[in-house]
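Read top to bottom, the protein sequences are chains A and B. What the first sequence shows, in my numbering, is residues 1 to 536, in sequence order. What the second sequence shows, in my numbering, is residues 1001 to 1156, in sequence order.
The reader is advised that the hints may include incorrect statements.
Between beta-carbon pairs, the in silico distance windows are [to be verified]:
1) B:Ser1002 x A:Leu104: 34 to 40 Å
2) A:Pro163 x B:Arg1020: 56 to 62 Å
3) A:Asp213 x B:Arg1005: 45 to 51 Å
4) B:Asp1047 x A:Pro163: 50 to 56 Å
5) A:Glu64 x B:Pro1110: 36 to 42 Å
6) B:Leu1121 x A:Arg452: 41 to 47 Å
7) B:Met1115 x A:Asn167: 43 to 49 Å
8) A:Leu104 x B:Met1115: 51 to 57 Å
9) A:Arg147 x B:Arg1020: 53 to 59 Å
10) B:Ala1051 x A:Leu104: 32 to 38 Å
11) A:Gln90 x B:Phe1066: 45 to 51 Å
12) B:Phe1066 x A:Asn356: 56 to 62 Å
13) A:Asp213 x B:Lys1113: 44 to 50 Å
14) B:Ser1002 x A:Gln90: 37 to 43 Å
No lab work stands behind these hints: they were computed from the structure. Glycine is no exception: its CB is placed at the ideal position from the N, C-alpha and C atoms.
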Amino acid sequence: MDKLLIVGSGASGVHFALSVLQKGYHVIMADVGHRKPATIDRSAAFDELKTGLDDPVRYFLGDEYEAVVSPQARQEYYGFPPNKSYLFKQPATFHFEGQGFQPLFSFAQGGLAEAWTGGVYPFNDAELGDFPFDYSEIDPYYSEIARRIGITGARDDLARFFPVHDNLLEPLELDRHSAQLLAAYEMKRRYLVGKLRCYIGRSRVATLSVDRDGRTACAYCGRCLWGCPLHSLYTPSLTLEELRRHPNFTYLPDTYVSYFTYDAHRRILSAVAETPGEGRSREITADRFILAAGTLSSSAIYLRSIFQGTGEIAILRGLMDNRQVLVPFLNLKMAGQTYEPRSYQYHQLAVGIEQNDPRKYVHGQITTLKAALAHPIIQNMPFDLRASTAVFRKVRAGLGVVNVNFRDVRRESNYVTLKTDGASDHPRLAICYSPPAEERILIKQVLKTVKRALWSLGCVVPPGTIHVRPMGASAHYAGTVPMSTGAGLHTASRDCGSHYFDNLYFVDGTTIPSLPAKNLTFTLMANAIRVADRAF
Amino acid sequence: MSDSRSAQNALDRECSVFSRYLIGQPPSAYVLSKYRDAHAKLPYLRDGAAAPFDALLIRLACWNPFLTRLVDSHARVFFKHSGVRAKLVVLLAILESCAPSHRYFDRSEPCGKAMLLLITLYHGLTFLGSFVLATIVLWPARFLLECGFARLWTSR
Ligand SMILES: Cc1cc2nc3c(=O)[nH]c(=O)nc-3n(C[C@H](O)[C@H](O)[C@H](O)COP(=O)(O)OP(=O)(O)OC[C@H]3O[C@@H](n4cnc5c(N)ncnc54)[C@H](O)[C@@H]3O)c2cc1C
Ligand code: SF4
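Please work from the sequences and hints to get the whole structure.
Shown next as structure tokens:
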């Protein structure tokens, strides 16, 4: 059987690999593959780490205090915890520049989803409108991914937006604040649904509510952001571990793939790779090549291959990402109560805002504040720090944030290409993005609805706290080589085979032809195994 | 006393005043060592006081917790990105991350809505009071510094 080379061990790559191994293929996975640090004290809850560790400040803030959100840095509300910094380390020869786009790249085992919040939502038929297949084709693959990774959710009001596939586990226990919000929604449902077209229900999360496959059900320890010590919250490195036990699987870590070599018929012969830090190149041969390095890195490898082979600098148009807007709120009914550090830390509720055109659906996730560092919030409260700290202690149990996501479509003005400095062997990836002209008006309208919905639930949005995240921050990148029924030069077939190269496939976000507001990774994983099933 | 020893003492004193201001408790030996370490590692803490008025704010703030409050109230409105706010936020982050000070952040008696309103009102009003007082004192000082007394001040 053919030998396959997969580039990347993220959510897309590992599930594609598992499916083709099951079909009997020999698989090589080339990956830069930075490794995560060892998990400390698996049984301790979030608050116990502060008392139990020898050097808790080092754990929470980092050796260089990099997790302190300083008033001078003007950064996002929250940074990544120090033990996740390995995820964003970049090889020395990798360079990029972003115009209107602040991308995140991961060169780690498991990729960006090692830091994800586990939101998994299937796209429905309207959202798959630009795809060359409909929901019925991808439904079995959603169900299979749900079986593999474990997804909890409920058949509630949001089922009108989130199709219900098989293998959905019972939802997690709600934290007190989320339960209160859901009860308030039931009371105000007529107004919220009838007037605002705003639906609230359980979010779908890749976190186990029961023990399964050697993983433990969520123990509500509050350490999600710092990395689940029990593997209840799914991350792709768990599947990578499983792959590495397979006899037909070869994992090549410390392998940075730069480009492919190919013959006159554009049949790829090898991947040219180097060990980061060493500079020496080597070639890895295979019969078929699969890009799963994340949309931006896969695009970079594809562009560099064309450049190395022809000297041409191609432009890949249609880059997409979800705009995210953070709407912090204070639930007056919960303020004054004690807060629960021992809870599931991420979102447990989702919100769907219906639009006349179902493709324009607006998606949100509601995260109530539980275990988290307090200083990023305290410094933004409207008093001096002493007063803010004192008030924060009292209102903490009532704080939360709605992360509102907007859809994106492919537009000519948004693209990735290469920039060379003449002599350099390593052209830079250049990313250019500008939002659509009507975005401001749309955000304003939607935020009005969100604020009215929150108000009806007994929550206020403190003035001046809404934060429009920069493009690139959501890390939902897609669309540079779209699946299409035509055979355009830089497009892919309905089974994600490149129209430019003969034996190249994309199984990450590169081929997604339009980007609904819902988080996309579930669809990336399902599509990857759809490709494995249909084209291999 | 060597320069480094006296710099260390100055940081310890600063940490002690700031900790009493923020959470009403003196810092533990561990917090003191982390505060020093943060100053060694974070350039924005070392260089934060480059501007004369920022230096004045820091000098005033480490006198005692009352003055820290005045300075912080003023900085909250007019100098959110000042060196003194950066120092206070870093200490806040250290205090909330370790025992026993984390308990001040993580544990709080529940209270009713009326009590919560009273507490917020009390803190809001004290903030307002210290802000007004600080502004009366600090605006003229800033004006003087900007009018050329900077050199005089920094050479002290
Ligand atoms: C904080 C955060 C929260 C998120 N939350 C959610 C969420 O709740 N729901 C959701 O759906 N999505 C979420 N996402 C997005 C999600 O992480 C991505 O969609 C997903 O990781 C994409 O997977 P991927 O396999 O396509 O690529 P990546 O995760 O980017 O993985 C790329 C892989 O390729 C390897 N690689 C890259 N370049 C090379 C090269 N040149 N040579 C060799 N190897 C290479 C890397 O080492 C890595 O293993 C979140 C992202 C972040 C950052
Ligand atoms: S998912 Fe979060 S709360 Fe649950 S066990 Fe893992 S870290 Fe703890």
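Hints versus structure:
1. The beta-carbon spacing between Ser1002 of chain B and Leu104 of chain A, approximately 45 Å, falls outside the hinted interval of 34 to 40 Å.
2. In this structure the hint that Pro163 of chain A and Arg1020 of chain B lie 56 to 62 Å apart at CB holds, the actual value being about 57 Å.
3. For the pair Asp213 of chain A and Arg1005 of chain B, the beta carbons lie near 58 Å from each other, so the given range of 45 to 51 Å is not met.
4. The given range of 50 to 56 Å is respected by Asp1047 of chain B and Pro163 of chain A, whose C-beta atoms sit roughly 55 Å from each other.
5. Here the CB-CB span from Glu64 of chain A to Pro1110 of chain B is close to 38 Å, well matched to the stated 36 to 42 Å.
6. In this structure the supplied range 41 to 47 Å is violated for Leu1121 of chain B paired with Arg452 of chain A, their Cβ-Cβ distance being about 27 Å.
7. The hint said 43 to 49 Å for the Cβ distance between Met1115 of chain B and Asn167 of chain A, and at roughly 48 Å that hint holds.
8. A beta carbon spacing of about 43 Å between Leu104 of chain A and Met1115 of chain B contradicts the range 51 to 57 Å that was offered as a hint.
9. The beta-carbon spacing between Arg147 of chain A and Arg1020 of chain B, approximately 56 Å, falls within the hinted interval of 53 to 59 Å.
10. For the hinted restraint 32 to 38 Å between Ala1051 of chain B and Leu104 of chain A, the CB-CB distance of approximately 34 Å keeps it satisfied.
11. Under the hint 45 to 51 Å, the C-beta atoms of Gln90 of chain A and Phe1066 of chain B, about 48 Å apart, fit the expected range.
12. Roughly 59 Å separates the CB atoms of Phe1066 of chain B and Asn356 of chain A, a value that falls within the hinted 56 to 62 Å.
13. Hint check: Asp213 of chain A to Lys1113 of chain B, Cβ distance near 46 Å, so the stated range 44 to 50 Å holds.
14. A hinted range of 37 to 43 Å for the beta carbons of Ser1002 of chain B and Gln90 of chain A is consistent with their spacing of about 41 Å.
Of the numbered hints listed earlier, those contradicted by the structure are 1, 3, 6, 8.
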